[in-house]
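Engineer: Listed here are the chains, written in short residue letters.
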Amino acid sequence: NAGVTQTPKFQVLKTGQSMTLQCAQDMNHEYMSWYRQDPGMGLRLIHYSVGAGITDQGEVPNGYNVSRLNKREFSLRLESTAPSQTSVYFCASSYHAGGPGNEQFFGPGTRLTVL
Amino acid sequence: AQSVTQLDSQVPVFEEAPVELRCNYSSSVSVYLFWYVQYPNQGLQLLLKYLSGSTLVKGINGFEAEFNKSQTSFHLRKPSVHISDTAEYFCAVSESNTGGFKTIFGAGTRLFVKA
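From first to last, the protein sequence lines are chains R and E. Each residue of the first sequence is one higher than the one before, counting from 24 in my numbering. Each residue of the second sequence is one higher than the one before, counting from 245 in my numbering.
Just chain E, same shape as in the assembly (with noise of 0.2 Å):
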């Protein structure tokens, strides 16, 4: 069965310094990986997502991801956080069912950006 593990489930930051999300998943069968952001009071929007090829997956907002098969990990960077970063961001993986497919989300890292 597949899960999904972010590893921090808050992360301080300051301004313009890097930051690195992380990222661990599980699954039986070949993955497909996202992450997600979420601003307050608002629904999920796509930052980035792997499905195959290149191991290094660029996003909106300035994003990268590196997709790890045999640490399977996930984890998302930046190289200079803005305050407008600030906001919940969730690791996602989804695979195939005999009913269609499914999307399993980890439990979210709150990422706080501080002048």
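So here's chain R without its partners, still in its complex pose (with noise of 0.2 Å):
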């Protein structure tokens, strides 16, 4: 049982390239989220999923696109990144039954650096 599992760990980008980071769970949740975290500001959810091909925006959306193929992975996709984007970025997952009082499950995050 793996948990929440992200890919990759670390990445350097120049300003202006796109990259997808990758999340999976195990644990048969409905309910997928990716947040980035900067300092001093916690952590901002960009887009969460309740199922398979559906998804929302969170607090901050724009310049992420996200993919839930399937109820195991969910992704984040950054098209022309930005120094601004530069973050560590967190997938969470939990179940959706009983909504928003379920605990979520944290991956190890990314830390995305762009140039």
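Read the hints as simulated data drawn from the structure, not as lab findings. Idealized CB from N, CA, C, for every residue including glycine. Warning: the hint list may mix true and false statements.
Just so you have them, the derived chain R footprint on chain E, three or more residues with Cβ under 8 Å [said to hold, decoys possible]: (1) 260-270; (2) 300-308.
Just some of the chain E residues that point at chain R, by a computed CB distance under 7 Å [claimed, not checked]: (3) Y283; (4) P284; (5) F311; (6) S338; (7) E339; (8) S340; (9) F345.
Two chains, two separate frames, one set of hints: put the complex together.
Structural biologist: Now the structure itself:
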């Protein structure tokens, strides 16, 4: 039982390059989400998904796209990156039944630097 | 719209002293409140949560929190801290919406426990 896994762990990009962050969970959770963590700002919700093919925007969706092809995986796509997207990105998952009262389980994070 | 304010960005405290980390929230509907802890270079893990019922909630590692609806607060306390409690602590509020639910995090409080 690996929980929530994220790849890659680290990435350095040049401005304008694109990349996809991968997230997978083996807990049969319906709900998955992506956050970014910046110093002094806590975690901010980028996008979330309540099931395959169903996604919605969070607090800071601009510059990010997501894809939920199946229950297990939820990817975050950054097109034409900017230095402002330098951050640590966390994926999280939880059961959807019971909704907002459920604990979220977090991955180890991806540290992204955009030069 | 929901929001979370953590009133202290850093809290230094000596080992075996008591500590209180403060959190205020705003929400337009019934709320679910959480405290998560993040140890260095790791993802977040749940300390405790308030869903309903008793306003005093006990969590892991000797932490507890008290929900105060009139003051819209959810402060975290521990009567005697250890060096190993050094970490960043996040308060979060979660509520339902039409697409599922959203969890909003505070900016975090960094707890330093000194010998």
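Engineer: Hint by hint, work out which the structure violates, then give me just those numbers in ascending order.
Structural biologist: The structure breaks hints 1, 2, 3, 4, 5; every other hint is satisfied.
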